[in-house]
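Engineer: With the hints as extra help, turn the sequences into a complete structure.
The listed protein sequences correspond, in order, to chains A and B. Okay, so the first sequence: first residue is 0 according to numbering that gives the first Met the number 0, each after it adds one. Okay, so the second sequence: first residue is 0 according to numbering that gives the first Met the number 0, each after it adds one.
If you are wondering where the hints come from, they were derived from the structure by calculation, not from laboratory data. A quick note: this is a predicted structure, and the numbers were derived from the prediction, not measured. Errors might be hidden in some of the hints.
[Stated by the list, open to error] Here are the computed distance ranges between Cβ atoms for each label pair:
1. A/Glu41 - B/Leu104: 41 to 49 Å
2. B/Gly36 - A/Ile10: 18 to 26 Å
3. B/Ala83 - A/Ser83: 35 to 43 Å
4. A/His39 - B/Ser82: 40 to 48 Å
5. A/Leu34 - B/His107: 49 to 57 Å
6. A/Asp42 - B/Asn106: 22 to 30 Å
[Said to hold, decoys possible] Examples of chain B residues toward chain A, derived with CB under 10 Å:
7. Ser8
8. Met10
9. Arg43
10. Val137
Think of the CB as a built atom: it goes at the ideal place given N, C-alpha and C, for glycine as much as any other residue.
Listed below, chain by chain, are the residues.
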Amino acid sequence: MKIAVIDADPIVRDFVVGTLMYSVNRDVLPFENGLDAWMHFEDDGVPDIIVADVNLDDLTGMELLEKVKGLKQDTVVIFYSDLSEKEAMVKEAGADAFLAKPFGVTELFSLVQQFVVDGR
Amino acid sequence: MVRLGAEPSKMREIELDDVFMSRLQLLIIMSKAYLSGFPLGRHRIKSILENANHVKLEAVGLEEDLEWFEKDVAFNDTLGFDSAFYQRVKLLSVMAEAIAKGHDLENHKKEALEKNLNALCESITFNKQVSDMQFLKVA
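Structural biologist: What follows is the structure in structure tokens.
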């Protein structure tokens, strides 16, 4: 099980990485922007789960979603945002989940339950 | 598509105080999981150490702010907690660090940890039960 978290904000990114790492007891890959993440995925393979801010630098969240799903359809892509209008956009684009900010431990644990344990 | 988190009308950026409270809740869960005998693993240990360190540093900073404000004006900080709360938070972070470093807590220390957790949960009205998180039973 490979999980990646992509966010330019280190405070939120580190919190999400730490919470997921504890939940699944596996390493979680952190990335600052979409392009770095995509280059890593091309070399090392696309993760099973990607959790990312919608607003990514270099490669937008929507562009990354398209590339990821094109290469590995069953990768779970979860986006988060503080803007409500992004929800419809990511749904239309085929994301698996939307996390509305602010969120906390409970929401991240729910994601683990649904996408890791239950395997939805 | 699964949807979680804030209602559309309540959506906003995640602030530092949000992250502090979330990390504190995570540390409480980590400690409760230990007391429940849930297994640790390499990555969980790393995560506990990092989280405990974050919470400890933030609690020290917030407590210093609180002391500074209390000297000048009768001010309760933005989170509305007193210095005893931050002492409890620091104690929890030290205890969690000890757990992650493999120190086996004796019974009286486990009791002290439980009392501290109960007091903190009461302060922040946090009632998450580790029994709700069955996946933590698997390392």
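Engineer: If a hint holds in the structure, say so; if it doesn't, say that too.
Structural biologist: Structure-based check of all given hints:
1. A/Glu41 - B/Leu104: 41 to 49 Å: holds, 46 Å
2. B/Gly36 - A/Ile10: 18 to 26 Å: Given a distance of about 32 Å, which is not inside 18 to 26 Å, the answer is violated.
3. B/Ala83 - A/Ser83: 35 to 43 Å: For serine 83 of chain A against alanine 83 of chain B, whose Cβ atoms are near 39 Å apart, the range 35 to 43 Å holds.
4. A/His39 - B/Ser82: 40 to 48 Å: Given a distance of about 45 Å, which is inside 40 to 48 Å, the answer is holds.
5. A/Leu34 - B/His107: 49 to 57 Å: Roughly 53 Å apart at Cβ, these two residues keep to the hinted range, so it holds.
6. A/Asp42 - B/Asn106: 22 to 30 Å: violated, 50 Å
7. Ser8: Hint holds; serine 8 of chain B Cβ to chain A Cβ min 8 Å, cut 10 Å.
8. Met10: holds, 5 Å
9. Arg43: holds, 5 Å
10. Val137: holds, 8 Å
Hint violations for this structure: numbers 2, 6, all remaining hints satisfied.
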